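Visitor: For reference, the chains in residue letters:
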Amino acid sequence: MTAAAAMAPGRRRRGVLRETWPLLPAMVLLLLVFVLPLLLILPESFTVDGKPTLAVYESIVGDGYYWSVIGRSFWISILSTLVCLVLGFPVAYYLVRLVAPSRKRWVYMIVIAPLFTSAVIRSLAWLVILGRRGIVNEGLLGLGLIDAPLRLLYNETAVVTGLVYIMIPFMVLTIAAVLENVDGSLEEAARDLGAGAFGTFCRVTFPLTLPGVLAGSFLVFALCLSSYVTPALLGGGRNKVMAMLIFEQFMRVFNWPLGAGIACVLLAVTLLIIWGYNRVLSRRAVGSRGEGEAML
Amino acid sequence: MPQRGEMSETIVRLEGVSKRYGAADAVRDVSLVVRRGEFVSLLGPSGCGKSTILRMIGGFEQPDAGAIEIDGADVVDVPPNRRPVNLVFQSYALFPHLSVFDNVAFGLRRKRLPRSEVGERTRRFLALAGLESFGDRYPAQLSGGQQQRVALARALVNQPKVLLLDEPLGALDLKLRKRMQVELKQLQREVGISFIYVTHDQDEALALSDRIAVMNQGTILQYDAGREIYDRPRTEFVANFLGEANVLRGRVLATGPAGIVEIAGKSMPATVDGARPGDAASVAIRPESLELRAEGADVLPCVVEDRVFLGSSFVVYLRTAAGEPLMLRGFDRRQLDGLRTGEAVGVTWRADLAHVVAP
Chain P
33 MTAAAAMAPG RRRRGVLRET WPLLPAMVLL LLVFVLPLLL ILPESFTVDG KPTLAVYESI
93 VGDGYYWSVI GRSFWISILS TLVCLVLGFP VAYYLVRLVA PSRKRWVYMI VIAPLFTSAV
153 IRSLAWLVIL GRRGIVNEGL LGLGLIDAPL RLLYNETAVV TGLVYIMIPF MVLTIAAVLE
213 NVDGSLEEAA RDLGAGAFGT FCRVTFPLTL PGVLAGSFLV FALCLSSYVT PALLGGGRNK
273 VMAMLIFEQF MRVFNWPLGA GIACVLLAVT LLIIWGYNRV LSRRAVGSRG EGEAML
Chain A
11 MPQRGEMSET IVRLEGVSKR YGAADAVRDV SLVVRRGEFV SLLGPSGCGK STILRMIGGF
71 EQPDAGAIEI DGADVVDVPP NRRPVNLVFQ SYALFPHLSV FDNVAFGLRR KRLPRSEVGE
131 RTRRFLALAG LESFGDRYPA QLSGGQQQRV ALARALVNQP KVLLLDEPLG ALDLKLRKRM
191 QVELKQLQRE VGISFIYVTH DQDEALALSD RIAVMNQGTI LQYDAGREIY DRPRTEFVAN
251 FLGEANVLRG RVLATGPAGI VEIAGKSMPA TVDGARPGDA ASVAIRPESL ELRAEGADVL
311 PCVVEDRVFL GSSFVVYLRT AAGEPLMLRG FDRRQLDGLR TGEAVGVTWR ADLAHVVAP
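Line by line, the protein sequences give chains P and A.
Our numbering numbers the first residue of the first sequence as 33 and each following residue consecutively.
Our numbering numbers the first residue of the second sequence as 11 and each following residue consecutively.
Hints were generated in silico from the structure; no laboratory data involved.
For clarity, every value in this text was computed on a predicted model and none was experimentally measured.
Careful: at least some of the hints might be erroneous.
Not the full set, but computed from the structure, chain A residues with beta-carbon under 8 Å of chain P [to be verified]:
(1) 70
(2) 90
(3) 105
(4) 117
(5) 121
(6) 144
Glycine included, every Cβ here is placed at the ideal spot set by N, Cα and C.
Could you build all of it, start to finish, from the sequences and the hints given here?
Guide: Below, the structure written as structure tokens:
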């Protein structure tokens with residue numbers, strides 16, 4: 033006891049590096065390609081013509097156009113996340129609880145398979161499906177249900193459809209990973225104690241899967257908010273989101289300060305969401321053996 | 011069909027119940043009657059089908075054939091949440107996101123009882139389980155024994171007609187398990203509810219049960235009071251699974267309560283029924299029923315192979331002239347001191363303590 037107590041401080045001091053060395057390569061990479069560029073961009077947004085100024089942020093805040101793009105970005109991301117959740121949860125539940133063990137591997141393969149294709153190709157596929165002379169319009173015309181092709185592309189619905197399609201594996205896999213660790217006998221216990229199938233879901237399955245739901249939603253939301261290809265291809269020029277705006281300022285208009293400003297606003301909002309999300313999780317984790325904390 | 015209500019003594023009845031998983035029989039043509047207020051154990055090795063029977067009574071598995079009645083009502087098509095039984099899971103299955111109080115109140119709230127009654131009954135059963143001051147804690151903050159008590163309280167608070175327990179003490183260490191056995195038996199007497207208890211631990215089954223169903227390979231081999239099974243095992247498996255037994259091969263010479271079986275050329279006494287003179291037979295004798303005797307017509311010559319001191323008792327390992335191993339348990343230490351390894355001795359037993367068993 034006393035010997036162990038005497039040894040502890042020394043061991044702890046040496047332990048910092050001993051425990052964290054596996055993080056070093058990834059940390060170095062992140063510093064170089066993520067943190068450093070960000071630090072370079074930040075002053076850019078406060079500088080116009082070599083002079084320090086808040087003009088960029090004033091124009092972002094003062095111009096209704098930017099607010100509409102920010103609003104649309106959030107609206108599309110939130111909607112896509114919710115649709116992913118509603119569609120993805122049952123798939124995750126099926127994957128973990130219902131599918132025969134022999135077929136589980138195949139269902140996982142089907143869920144993951146789309147990730148092997150680039151988002152550009154997968155977004156282009158929607159052009160083929162939703163276009164003026166696309167599969168949907170041709171089909172409806174052929175059946176005589178419509179007289180003229182519907183305008184299915186270049187609106188928010190098309191963007192949400194594309195985003196949901198691309199992001200849903202992340203939602204399914206994240207929820208499934210958490211649900212896999214929820215002991216099935218807990219659900220049986222709820223049934224045993226008089227809860228019906230729906231009551232069991234609401235009071236046991238869903239609350240215990242909440243860390244996965246939050247993590248999956250956060251992941252999908254962040255990916256949606258920063259996605260460029262899908263909104264650009266399916267939204268058209270009139271449905272701009274923040275990522276498109278940033279790209280435009282940097283690469284087409286060459287207004288680097290404005291591009292940097294919008295990028296910083298996007299980052300600030302994202303960090304705010306991470307912070308809020310962590311608060312929600314750590315509060316929930318008290319009752320659930322810290323499963324929530326393990327997610328980040 | 012037995013009458014419903016107070017008149018019937020039977021609370022659970024299984025009739026010809028079978029369950030297959032793929033090509034394997036988990037449970038084969040099992041019939042079982044549990045009386046009101048009775049403590050019944052299903053005892054057998056893992057994979058013998060005892061848990062499957064429990065899960066079928068609880069409603070988590072569907073039998074492929076047969077009938078299950080609880081308090082006179084056929085429940086085969088009734089979902090678990092509408093059966094008047096509760097199950098204590100081996101893993102306890104406490105809800106980790108709910109406090110101890112909310113865990114115990116879970117069943118009462120599903121019945122939509124008034125708030126005051128939920129609170130009153132939950133507190134009463136928390137007290138019964140010795141957990142009055144633990145209501146605000148979460149399961150992860152409790153010890154194994156405390157979690158076990160929460161699981162019991164959570165099931166009993168619903169006042170089920172039958173409580174099903176699936177190896178509920180399996181996860182506890184030996185000392186705590188012994189103490190929980192005593193508590194469990196007291197609790198059962200107090201609440202007066204029938205318990206069906208699944209275990210692979212023979213001591214636990216003997217200590218707790220009014221009746222024991224010894225199972226193997228999906229069937230019930232013997233269903234009776236523990237003492238009855240111990241004294242008169244019907245098969246070799248039962249003799250070996252419930253307690254220890256010496257099983258010797260021989261040939262029946264005379265039948266009846268004072269029968270004779272020829273073993274290694276000696277005419278040994280045994281209770282013989284269900285066999286005729288001339289039949290080959292296996293005789294089961296408990297280690298403590300063997301007596302050392304110098305010589306005689308009914309004395310089996312043996313050689314002492316080993317002697318083991320066990321504190322309150324001792325065990326002597328013997329081998330017969332035919333090469334069959336025997337185990338003798340004794341309590342008189344002077345007897346042990348008089349024995350040497352390699353020494354030739356003779357053993358015998360009383361006819362009422364040796365039984366012909368089916369293979």
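Visitor: Verify the interface restraint on residue 105 of chain A: the C-beta must sit less than 8 Å from at least one C-beta of chain P.
Guide: holds, 6 Å
Visitor: Restraint: residue 121 of chain A near chain P, CB-CB cut 8 Å. Satisfied or not?
Guide: holds, 6 Å
Visitor: Could you check if residue 117 of chain A really has its C-beta closer than 8 Å to a C-beta on chain P?
Guide: holds, 4 Å
Visitor: Classify the hint on residue 90 of chain A as holds or violated, based on whether any CB of chain P lies nearer than 8 Å to its CB.
Guide: At 4 Å from the nearest chain P Cβ, residue 90 of chain A passes the 8 Å test, so the hint holds.
Visitor: Is the interface hint for residue 70 of chain A satisfied, with its Cβ closer than 8 Å to some Cβ of chain P?
Guide: The hint holds - residue 70 of chain A has a Cβ within 8 Å of chain P, the shortest such distance being about 6 Å.
Visitor: Quick check on the hint: residue 144 of chain A CB to chain P CB, less than 8 Å?
Guide: The hint is violated - residue 144 of chain A has no Cβ within 8 Å of chain P, the shortest such distance being about 15 Å.
Hint compliance for this structure: hint 6 is the single one not met.
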